[in-house]
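Residue numbers (our numbering), protein chains in the order written: chain A, 25 to 159; chain B, 38 to 639.
Below, a sample of chain B positions facing chain A; criterion: calculated Cβ distance under 8 angstroms:
no., residue
1, P155
2, A156
3, D164
4, V482
5, Q488
6, P489
7, S496
Under the rule of at most 30 angstroms between Cα atoms (straight-line distance), these lysine-lysine pairs were calculated in the DSBU-like manner:
no., chain 1, residue 1, chain 2, residue 2
8, B, K293, A, K70
9, B, K564, B, K581
10, B, K201, A, K119
11, B, K192, B, K144
12, B, K293, B, K206
13, B, K442, A, K158
14, A, K109, A, K119
15, A, K119, B, K195
16, B, K346, B, K201
17, B, K206, A, K119
18, B, K152, A, K125
19, A, K125, B, K201
20, B, K66, B, K464
21, A, K63, B, K429
22, A, K153, B, K429
23, B, K560, B, K527
24, A, K109, B, K206
25, A, K119, B, K148
26, B, K206, A, K105
27, B, K152, A, K119
28, B, K152, A, K109
29, B, K66, B, K195
30, B, K134, A, K119
31, A, K153, B, K410
32, B, K566, A, K119
33, A, K70, B, K206
34, B, K442, A, K153
35, B, K442, A, K63
36, A, K70, B, K288
37, B, K442, A, K70
38, B, K293, A, K125
39, B, K206, A, K125
Derived from the structure by calculation, the hints contain no laboratory data.
Note that beta-carbon positions come from the ideal geometry of N, C-alpha and C, so glycine has one too.
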Amino acid sequence: MHRVILAAALACASAAVVLAEDKAGTVKTELYTVVDGYKVDGNTMKGFRTWRAAACDRCHGANQEGLVGPSLIASLKVLTKDEFKTTVVEGRLEKGMVAFKTSQQVMDNLDNLYAYLKGRSDGAITRTKVEELKE
Amino acid sequence: MKCTYKQVVFSLALATTPLAAFANADVEKLTADPKNWAMQAGDMYNQRYSKLKQVNDSNVNKLQVAWMFSTGVLRGHEGSPLVIGDMMYLHSPFPNKVFAMDLNTNKIVWKYEPKQDPAVIPQMCCDTVNRGLAYGEGKVILQQADSTLVALDAKTGKVVWSVKNGDPKLGAVNTNAPHIFKDKVITGISGGEWGVRGFVAAYNLKDGKMAWKGYSVGPDEEMLIDPNTTTTWADGKVTPVGADSSLKTWKEDQWKIGGGTTWGWYSYDKALNLMYYGTGNPSTWNPAQRPGDNKWSMTIFARDVDTGKAKWVYQMTPYDEWDFDGINEMILADINVKGKATKALVHFDRNGFGYTLDRTNGALLVAEKYDPKVNWATHVDMKSGRPQVVAKYSTAQNGPDVNTKGVCPAALGSKDQQPAAYSPDTKLFYVPTNHVCMDYEPFAVEYTAGQPYVGATLSMYPAPGSHGGMGNFIAWDAGAGKIVYSIPEKFSVWSGALATAGNLVFYGTLEGYIKAIRKSDGKELWKFKTPSGIIGNVFTYEHKGKQYVGVFSGIGGWAGIGMAAGLEKDTDGLGAVGGYRELNQYTDLGGSLTVFAIPGGN
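Okay, chain B solo, but in the shape it has when bound (with noise of 0.2 angstroms):
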């Protein structure tokens, strides 16, 4: 939900060296071999599936703790460890701890810690989260709370180069996991709720020199669009964007606080050379201050990774009015699309609708809802790619001082950053969502640099006549745009799903359980109960010949604050009260991660 501001310096460098093929090799080789977890995803098309087999459908009732570790930090823990042979990398919430820990003995081998103004504490939206490390080519990639980028060494943890992304004081800070795709590392700001500017920055892998930086919003060259060969779906076709696609959608100069940051996951496919990923809201929340589409916020994007050049855009919510931020992960898979053969990419947004794209040209092909208590828009109308909004749960046609009612679902999203799941072997999505509804008043604000510049009332409930939770876990067909099966929770699912060849998926919930489901018909077949509640991804890796699952557990982010915020909710006796007063009878803050493994020989 936040952005970033930061002043335009911007440089085309073509980077083609021999060097260049290494560290993408380099990447490509670890994630290649199952026995790692050497990307936050799993792999660079964000399939968060393991190759792994040996804990299965047959034998996961027997899964058990091998060991657990404290990070020594309060507040949410999202992303997880990485694991490299016989090495652990693990981060934490800010201060932004980071560990490595030789998995044969338990021993830390180095441990580094960031010194970090407190103020940036109270810059971060929504609790004082860090979604994980990159590895590649011996070193450790850090992206600090206060958007500093380190580069450490894997063997010592000394700093091998360090920069600074955005201005902290302005509220440009960094929540988002950085990306090793190529020679580059790639990574975001965050900074919505301060009129922060988003844009997404290459930094080269080898010095941390920056190598492009391409804004979501403003003039051609900065966001590094071309206007005739940049391409949309717009009349049923693939489309040139033209000139001044952004401008054109702002009042005056609002985009310069615009937004559409990009505190997400990133994906890449190597043989188009393209990354994939989303932008954020227009800031402010307030839509009356900001008419027009307010493009390329709330946007798929596809860049080049060499250049930065953006080769199309997709807007999913023009001129939103909601907080949906489009910053969910853009998952890559070869489908079948309505009988099909597809390179498509796959994206469960906030606004609730699943979106299946032609990843080659940004064609659209599926959009519908994954959650059916979506009520804002009724459907995405296919020609011009556009959501049908319905008047009633508009905010922006009801005005500000006019609370809208009943919209879902709730800014939360239907599904926010916790990502999605893929397999290849049944060729479905599994996906953690939110099943929440709220009302949404928006009023007039003013921009102070530096501030806060959110502009709207929101109190969030669960979905009113569905299951009284307010979460499911679903099974997807993004070929078909349907729901294969859906399993009630009951707090949001607010963690990364993982899938493995063993017939199982694994998530978390905010109780703080870790379930393994059976993928082909979403049985649950075993939970453990961890320290505190889970908003951290599972992941798994092999050591010594044995399979190991893991998790971070530890309460907050936006879903631990979601919660707080109906503990003593006074206005809506109905279905409201119930979910979120009772997660304080299940969990408290506390940071830790949990490895799970099948004890004695397989």
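For reference, chain A alone in the conformation it holds in the complex (with noise of 0.2 angstroms):
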């Protein structure tokens, strides 16, 4: 818990580039689509759900603010891509962090859980609970 006094004070390094915004409520990057701060597209609810399933929360907190481990609203601000997936297949055992390759949903949705927890981290997913996008 000590960590996410650490992980507040953090606080922004990166964003992802904003593609378009172009009605209101509405936020378009290369890796999410966000209406309205909850609405995401169907690979973003997949991220979501995964992150559910999983069950990160335990650890991380029910909105990824951070718990036993870090705050991934902050991690997700410096760490890259690679290294998210590398700690997530991986995990770092010693520190009490889960390594997901034996969980078949956690790898076949990495690129859709960074997608979900990058928006939460970027802002522009408000709520921890999404909503699929209808078309």
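Got two chains here, each in a separate frame; can you build the complex from them with the hints?
Structure below.
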């Protein structure tokens, strides 16, 4: 829990390139599309489902704000996508971070998981629980 | 909250050799001498009471630090050391170090540190805690996180025997303290959030061979339940459970990953030859996936120690919808219940009800809320023994993907594993409690072996419309089912209480204070700030004519996690934010033992 304080102090380093902010309330990047802060494209939705099913929240907090694991809101401002993937696949067992390489769902959804968490970290996704955008 | 899964290997062995009587006699003799602290609860009844009274309500204000010891381990320190004569045996969270210390010199006589695969760390739901050691017949018993149960020679620290109790790769890990009853070492399993199927197993103290194993759920034979002679409370009377009492209450094969783990504190009544413990939540946390009562999760079990056979069962929360694990300790006490002398079993369940049963046969006598804020059920129907669930707080009736708000208590329970104390002087129970409510949103999950199997998102906050704190320390009359006094605490009280003949009760707080209150009226007489938050249990012993009181500090555990959860809570600004956020103003990680005494001659 001391990590949370650290994490909060880290704040902002990079943000995804916003490709379009066409109409009010829509954010579109190369990773995700978000409307009104909580309606997301299908892949980002899969990322959220994976986050929930893998129970990342039990260590990183219901809102990714950090618990025994660090705040991913803060982490994803500094971690690269490759670093993110390596951490999730291989874990850091000694430090208490799970290796998810045996979880089919996580392995199939690494990009989606990243998109969802990056959207949360960028501030584009304003609610933890998202809904699928209906075209 | 967790449990494990293992293939069915079970053997019924009747071990009643003369040797058997000795082990019991040894621990019994050691616990009868109040100078020792020879079991985690001080005795086999789970009373956490000491006859020592050199430190008492007239001089406790002079209590000072006698010595301190760092375990060198961070994270949550639960349980307490044991004291046998001149020796103290200490344990730590993962990596589960054991120290044997000579109290004459404070020198470490031996140290044991098992080699465990670090992969077990993230397989533990709620921090890498360990609730302590057992001692009997010259052996120190350690239940490692990776589920290995080891007997160490108390003189040398050498391994005498070692057995594997579960498969940590499947989430079957251990946090509980082993217990020695008769000639057996009794242990359970964690992993309810991994779909582990709970059991209690008995190993021979002599050689580590498994004597019996009784599952919480599944076919009768594997639960060691006899449909005709194992009883339960139904229809206002003690009634045989009947055939397939568990299987009938599960959808298809869900029981195989059905939870009901057993990571609490166990107690034993020698006269009845029965041991008592509770089983945890059914898996998953999404009730929609497991319609039925999910027996015998959330249940008090009374088992014959020789054979493991279940004598009686009582399910507190049929069809759990809130993660109200039933694992909290069963305290055995001979008290008056509604005017009648009773061999009672008293249990403060996570679900917020304080239960009093007749421990000889499992008859339900009292079931009352021990926190007035409990709202998920109006009351327990005394005839059926079932809680009357309030629809608004039913996460099953509201369904998956709906956030059920304002349920009290939270999944942490009105009390979690932190054990209460009983004082035979006052006939009252002294209970560390949580005063926390929650929002609970279940969702569908698929089971993958070795992966978490949770299926709900929770947020927790101090009970609204109360004193704003997240805990209370209460005195409870289990005969009447009434709170006698209640002391508000800023944070959950996650430390085991100790009652003494010196008219004192001790407990620790998450900020790191150890406190002494006057047993009779709850007045605070003394407190001291230890290095870190306290989730350990207070214990006492006498050495060279002087009484000592000690406690582990080292914040962590689920309480620590729960706390941190509130730190950046952005959802509800009401009473929620205040409580938890402040904890980091008081404490940080770090495991140590602090031992107190009154300086000089007494």
